Amino acid sequence: MEKELTSKESLELITQMITKAKKTAGGDGGFQMLLWGWAISICNFGHYILTKLDFDAPYVVWLGLIPVIGISIWHGVTKSKKTGVKTHLDSVLSQLWIMIFVGIVIVLSFMSNLNMYQNPIILILASIGIFTTGAMVKVNLIKFGGIFLMAAALFSFFLPITEQYLVAGIAIVIGYLVPGYSLKRG
Amino acid sequence: MSPFSPLDPLLHSQLRLAVMSLLIGVDEAEFTFLKEQTQSTAGNLSVQLDKLEKAGYIEITKSFRGKRPLTTCKITQKGVTAFESYVENLKKYIE
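Line by line, the protein sequences give chains A and B. Be aware that the first sequence starts at 1, since it is given in my numbering, and climbs by one per residue. Be aware that the second sequence starts at 1, since it is given in my numbering, and climbs by one per residue.
Extracted from the complex, chain B is given alone in its bound form:
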């Protein structure tokens, strides 16, 4: 295997990588938390979350808090593995 494996294109994007980095250290996070921390627009964030969910990297749960819709996101085991190997690869590029 070449020491320079290609970086996962799904993670090598600013917003998706930011979301995955936020989710890696927590059990779950709400959509509003991710939006605030990444300073993204709701529309763009929704699109990127959708891509991460389709790849099986995160799980999205839609529910209600009182009358308000509540979207929570959680990293999956597949997402953790992908994130870890992305970081490992990144280190090789920097070294």
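Looking at chain A on its own, in the form it has when it is part of the complex:
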């Protein structure tokens, strides 16, 4: 591969390699957004339906998130091993979402102090994460998802607690799944 390069060939090579590196590191095709989007929306709808059916412990649906956490971590770790490349963008995004996850866990731990109004707060945290992700990867549809989640959070504060689960489910479908599928399509 040692040959004399012309100036034009050099520039073409530089552009080609920069594009290759970008493509390899360019996110995970929306996998995490789709995984969490489906999991959280199903849990919200499940919680809402079980409450309406007078089920004693509608919150059991949230136990379904335990394997999702495992899948999410496993996928993140194997993806970085498989690509063989680390970027600042990937690192910032994963740190952002780890902090949002920690924030959500704290909110859930103090649900009773919040008079069970945790759903709108979780939507606000998710909204910040989605909007910032959209801004960093420069995809407007993801930013729109973040704005929609923020609007849903505001709306939720005016609703009874049970209905908040329904709104959160719908908000996650639009805020996570719509941009997630758009990322997957490429």
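Hints in this document: simulated from the structure, not taken from any laboratory. Careful: at least some of the hints might be erroneous.
[To be verified] With a straight-line cut-off of 20 angstroms between C-alpha atoms, the simulated SDA-like cross-links for lysine to any residue are:
{"#": "1", "chain 1": "A", "residue 1": "Lys79", "chain 2": "B", "residue 2": "Thr71"}
{"#": "2", "chain 1": "A", "residue 1": "Lys20", "chain 2": "B", "residue 2": "Val87"}
{"#": "3", "chain 1": "B", "residue 1": "Lys92", "chain 2": "A", "residue 2": "Leu11"}
{"#": "4", "chain 1": "A", "residue 1": "Lys20", "chain 2": "B", "residue 2": "Pro9"}
{"#": "5", "chain 1": "A", "residue 1": "Lys20", "chain 2": "B", "residue 2": "Phe64"}
{"#": "6", "chain 1": "A", "residue 1": "Lys86", "chain 2": "B", "residue 2": "Val87"}
{"#": "7", "chain 1": "A", "residue 1": "Lys20", "chain 2": "B", "residue 2": "Lys92"}
{"#": "8", "chain 1": "A", "residue 1": "Lys20", "chain 2": "B", "residue 2": "Thr32"}
{"#": "9", "chain 1": "A", "residue 1": "Lys22", "chain 2": "B", "residue 2": "Arg65"}
{"#": "10", "chain 1": "A", "residue 1": "Lys23", "chain 2": "B", "residue 2": "Glu28"}
{"#": "11", "chain 1": "A", "residue 1": "Lys86", "chain 2": "B", "residue 2": "Phe31"}
{"#": "12", "chain 1": "A", "residue 1": "Lys8", "chain 2": "B", "residue 2": "Lys54"}
{"#": "13", "chain 1": "A", "residue 1": "Lys81", "chain 2": "B", "residue 2": "Val80"}
{"#": "14", "chain 1": "A", "residue 1": "Lys86", "chain 2": "B", "residue 2": "Asn89"}
{"#": "15", "chain 1": "A", "residue 1": "Lys8", "chain 2": "B", "residue 2": "Pro9"}
{"#": "16", "chain 1": "A", "residue 1": "Lys86", "chain 2": "B", "residue 2": "Glu28"}
{"#": "17", "chain 1": "B", "residue 1": "Lys35", "chain 2": "A", "residue 2": "Thr83"}
{"#": "18", "chain 1": "A", "residue 1": "Lys86", "chain 2": "B", "residue 2": "Glu36"}
{"#": "19", "chain 1": "B", "residue 1": "Lys74", "chain 2": "A", "residue 2": "Lys8"}
{"#": "20", "chain 1": "A", "residue 1": "Lys82", "chain 2": "B", "residue 2": "Thr71"}
[What the hints assert, rightly or not] Partner residues are not named here, just some residues of chain B that face chain A (Cβ under 10 angstroms, in silico):
{"#": "21", "residue": "Pro6"}
{"#": "22", "residue": "Leu7"}
{"#": "23", "residue": "Leu11"}
{"#": "24", "residue": "Ser63"}
{"#": "25", "residue": "Arg65"}
{"#": "26", "residue": "Pro69"}
None of these values were measured; they are calculated from a predicted model. For glycine and all other residues, C-beta sits at the position ideal for the given N, C-alpha and C.
Keeping the supplied structure of chain A fixed, place chain B upon it in accordance with the hints.
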């Protein structure tokens, strides 16, 4: 200073330039990633990486992932400056 400064001979080689272009946009990259993307042989790539490291353009870290050896490469500030001035010079040649 003449508008046509000589191009850095260390970067004006296909494989070394390809490696530097891959590394410029990332924090670090593994040897296998560089080998795949440049479609080079392990032997040739090792030689060229060694030259870049000796010039202070990249840092090479050798570690283990499980039982397998892992080589990761990272561009240094000196490497970034050299790459940028190479591109600037290249533009002058094309203009």
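Comparing the hints with the structure gives:
1. In summary, the hint linking Lys79(A) to Thr71(B) is supported, as the alpha carbons are separated by about 18 angstroms, within the 20 angstroms threshold.
2. Between Lys20(A) and Val87(B) the alpha-carbon distance is near 18 angstroms, which keeps this suggested pair within the 20 angstroms criterion.
3. Taken as a hint, the Lys92(B) and Leu11(A) pair is honoured in the structure, with Cα atoms around 12 angstroms apart against an allowance of 20 angstroms.
4. Restraint check for Lys20(A) and Pro9(B): not satisfied, since their Cα atoms lie roughly 24 angstroms apart, outside the 20 angstroms limit.
5. Taking the CA atoms of Lys20(A) and Phe64(B), the gap is about 26 angstroms. The hint is violated against a cut of 20 angstroms.
6. Of the supplied pair hints, the one linking Lys86(A) and Val87(B) is violated, its CA atoms being roughly 24 angstroms apart against a limit of 20 angstroms.
7. Only pairs whose Cα atoms come within 20 angstroms are accepted, and Lys20(A) paired with Lys92(B) is rejected, the gap being roughly 25 angstroms.
8. Restraint check for Lys20(A) and Thr32(B): the C-alpha separation of about 14 angstroms stays at or below 20 angstroms, so the hint holds.
9. With a C-alpha separation of about 24 angstroms, the suggested pair Lys22(A) and Arg65(B) falls outside the 20 angstroms cut-off, and the hint is violated.
10. Between Lys23(A) and Glu28(B), the direct Cα distance comes to roughly 15 angstroms. Compliance with the 20 angstroms bound is thereby established for this hinted pair.
11. Among the hinted pairs, Lys86(A) with Phe31(B) is consistent with the structure: their alpha-carbon atoms are about 12 angstroms apart, no more than 20 angstroms.
12. A hinted pair counts as satisfied when its Cα atoms are at most 20 angstroms apart, and Lys8(A) with Lys54(B) does not qualify at roughly 27 angstroms.
13. A threshold of 20 angstroms between alpha carbons decides the hint, and for Lys81(A) with Val80(B) the separation of about 25 angstroms lies outside it, so the pair is violated.
14. Note on Lys86(A) and Asn89(B): the hinted pairing is violated, with a Cα-Cα distance of about 29 angstroms set against a maximum of 20 angstroms.
15. Proximity of Lys8(A) to Pro9(B) is assessed by CA-CA distance (about 16 angstroms); at most 20 angstroms being required, the pair is judged to hold.
16. With a C-alpha separation of about 5 angstroms, the suggested pair Lys86(A) and Glu28(B) falls inside the 20 angstroms cut-off, and the hint holds.
17. Between the alpha carbons of Lys35(B) and Thr83(A) the distance comes to roughly 12 angstroms, so the proposed pair stays at or under 20 angstroms and holds.
18. Simply put, Lys86(A) and Glu36(B) have alpha-carbon atoms about 16 angstroms apart, close enough for the 20 angstroms limit, and the pair holds.
19. Between the alpha carbons of Lys74(B) and Lys8(A) the distance comes to roughly 26 angstroms, so the proposed pair goes past 20 angstroms and is violated.
20. Distance hint between Lys82(A) and Thr71(B) is fulfilled; the C-alpha atoms sit about 14 angstroms from each other, no more than 20 angstroms.
21. Interface hint status for Pro6(B): violated, as the beta-carbon distance to the closest one in chain A is roughly 12 angstroms, over 10 angstroms.
22. Hint on Leu7(B) holds. Least Cβ distance to chain A is approximately 8 angstroms, under the 10 angstroms limit.
23. Below 10 angstroms, beta-carbon pairs count as interface contacts, and Leu11(B) has one with chain A at about 8 angstroms; its hint therefore holds.
24. Against a cut-off of 10 angstroms between C-beta atoms, the interface hint on Ser63(B) is violated, since the closest Cβ of chain A lies about 13 angstroms away.
25. A distance limit of 10 angstroms between C-beta atoms decides the matter here; for Arg65(B) the minimum to chain A is near 7 angstroms, and the interface restraint holds.
26. With a cut of 10 angstroms, the hint placing Pro69(B) at the interface with chain A is violated, because the nearest CB-to-CB distance is about 14 angstroms.
Hint violations for this structure: numbers 4, 5, 6, 7, 9, 12, 13, 14, 19, 21, 24, 26, all remaining hints satisfied.
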